[in-house]
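Peer 1: Given next are the chains, with one letter for each unit.
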Amino acid sequence: MSIRKAAIRGLAIAAVGSLALTACSDDSGNGDGGSGGDGGTVTLNMQWWGNDDRAARYEAAIDAFEAANPDIKVNTGFAAWPDYWTARNTEAAGGALPDVLQMDTSYLRQYAGTGQLADLTEYVGNGLDLSGFEESLVESGKVDGGLYAVATGTNTLALFYNPDLLAELGVEMPEDIGSWDEYTALYAEIAEAGADRDPAVYASADHTGTFWLFLQWLIQQDIDPFTEDGGLNFTKDDMAAWLETTAEVREAGDAFPIERVVQLEPVTPFSAVETATEFHWDNFLASYVGESGVETLELMPLPSGPDGAKHQFFKPTMQLAVGANSDHPEEAAKLIDFLVNSPEAGEIFGTNLGVPSTQAQRDALTLEEGSVDAKVMAYEAMVAEQGHVSEVAPLPIEGFGSIEEEYRTLHQEFAYGEMSVQDFVDRWFAEAEIHLGG
Amino acid sequence: MTHAAQASKAPEVGKPARRPHTKRPSRRAAETRAGYAFLTPWLLGFLGLTAGPMLASLYLAFTDYSLFRPPEWVGLDNFTRLFDDPRYLNSVEITLQYALIGTPLKLAAALGVAMLLHSRRRGQGAYRSFFYAPSLIGASVSIAIVWRAMFIDDGVVDRLGQGVGLEAGGWVGDPSMTVYMLILLTVWQFGAPMVIFLAGLKQIPNELYEAAEVDGAGPLRKFFRITLPMLSPVLFFNLVLETVHSFQIFGSAFIVSNGTGGPADSTMFYTLYLYFRGFRDFQMGYASAMAWVLVLFVGAITLFFFKTSKYWVHYSGEGR
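For the record, the sequence lines run as chains H and U.
FYI, the working numbering numbers position 113 of the first sequence as 113, with every residue one higher than the one before it.
FYI, the working numbering numbers position 166 of the second sequence as 166, with every residue one higher than the one before it.
If you are wondering where the hints come from, they were derived from the structure by calculation, not from laboratory data.
Don't be surprised by glycine CBs; every beta carbon is placed ideally from N, CA and C.
Misleading hints may appear alongside valid ones.
[Said to hold, decoys possible] Just a sample of chain H residues kept apart from chain U, beta carbon distances all over 12 Å, derived:
| id | residue |
| --- | --- |
| 1 | Thr76 |
| 2 | Glu122 |
| 3 | Thr210 |
| 4 | Met300 |
| 5 | Asp327 |
| 6 | Pro394 |
[Said to hold, decoys possible] Interface residues of chain H toward chain U, partial, derived using beta-carbon atoms under 7 Å:
| id | residue |
| --- | --- |
| 7 | Ala93 |
| 8 | Thr114 |
| 9 | Glu265 |
| 10 | Pro266 |
| 11 | His280 |
| 12 | Ser402 |
| 13 | Glu413 |
[As the list claims (entries may be wrong)] If you want the footprint, here are the derived chain U segments under chain H, 3+ residues with CB under 8 Å:
| id | stretch |
| --- | --- |
| 14 | 64–72 |
| 15 | 172–178 |
| 16 | 252–260 |
| 17 | 273–282 |
Let the hints inform the model, and build the full structure from the sequences given.
Peer 2: Structure below.
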């Protein structure tokens, strides 16, 4: 009896105590904003991934937005890519996503398909102007008929190379690479020329480890990677064939050693000026130049497919979305509109968020001859003009982020020589089945 | 009648004597009440932040829960899948390797240093702080980063190796060496068990050593016949604590591998894999199942230690 009474009294005290605590937190919560508004001002919370350079640009752009919209205040925060997604995933589970968040195609379906994002269709032409967008780019933000994300810009795959390093090695880069075999032949040539240097220079780490490059290669073989309902549209044999394209390189030891790749992380071998080439998205030129300190890096189109064409595609570099739980979707849409349309924001960001989606922003860029922005813009204009970009980006299926990561991890083990091609393919398909079936 | 009256009187005589008895429970009740009142903050935290989530995760372990969709009951599927998952089995293997090699080494280092510090000499306090320092900073992110830098190509360790003619290269890129790198990191953080050993050593009466010396016992004999048996309760405590602790390795592995568990899954320890499955792949049900298997396993190991302790742990005063 007395114990029960004691327990009840204890609980009562605790309840009062916790009330007092929540009262406190409520006060302070209203004090510094959250998404509550008073006196007509609305506070938006915005989150994005990136580094310090991008942070400075976002800060400047948000300042400009707040100056133009005195009744809206924007709080921002950022993290590196993996931490960013861990935080967003937990928020999504609790229905507490930021008002505006940076989104990626590999996660779009996961978020939009499960009702985490607000449908922006009603704001199009009504605060959110998409008239300057290519139709296919608008499409890339749609899931099941609703518009859930707006692309900040575009990118496409490219082959980066270091002309100075190649000149020192006495290796000449072909004007155009007509086939994957032609590219693969460079491994032996550069490995031989760079063997005496310290550290030794290679052509590249085994490029079959990049999942996107595999998808690009599939498209060149006239295979759509994914089905409409979010399944795989390629076979184990397709993946094995792709991995076999560099079998000789691996046997000869002409690829950049995986032990060293791991040690250089998070910088890539190309950034460390220990390889002469590397495949990546074209907007990575800025970070390559920044990390390597080599201003003269160049980029060129991918090797051609069997029919002699490149079959490249433009993909949204990144996207902006609004959390379904946002109290101020209208203001959030307004912020997105500003970031993708205003020439002011365009000038601030340059190609940091990809080559801008709209002509108005592209025109606003101040391009210095030979600058990073100028090179990336020129590359995208060239691949579009020459017809190298002829495909649409693969459908962003649910679970893409996981199967891509699975591919990367398995390929690392594979590169250590601990796994056969067949084991690799079997294990990846077993995992993909779990990721995509669930 | 008189008998009955006497009989009924008898308890009355006893009554005054019992009064304090009836009073004492009420004072105890007041104390109990106060005790609970003081406990409430912790109790609420325990129920809300530990017990509640644990029960929830027990439920989730039997479901397919993607974090974005409501959980679906799948029975034992998550548990059976564990045994077909090569990554999971690999994580079990390296975690066991880490615990089985790391814990004894760490305890040996702790005991060794504790014995050195036990002897009286000047500046003793400074030495103790000095040896404890790694444990204070060892769990921090910066140390894991420094550790990584020490073990890369041409890092401190590689250069030392080259000095003695080893051309092994950095450990960071070598999947067969990364576990040892992390074992070294944990062994280096021997401060906490060291302090406990030191306290234990101080409890051993000096007469025992004096008597042994009179009987002509050497240092080795003294160590095995006096120090170890007398320290066994402390050793037991440290063993249980450090074993449980080593199964929970996460932070250092996460940082040394740049948050990947690589190279080639060689630092994909149990808890790291659990985290990736849950928060990267959204397989919360599967991750919960992994968590419960770990809880049961660590529980079983602890139970095993307790059961076997009677054969090797000697409490003073016992058996005399």
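Peer 1: Where does the structure disagree with the numbered hints, that is, which hint numbers, in rising order?
Peer 2: Violated hint: only 11; rest satisfied.
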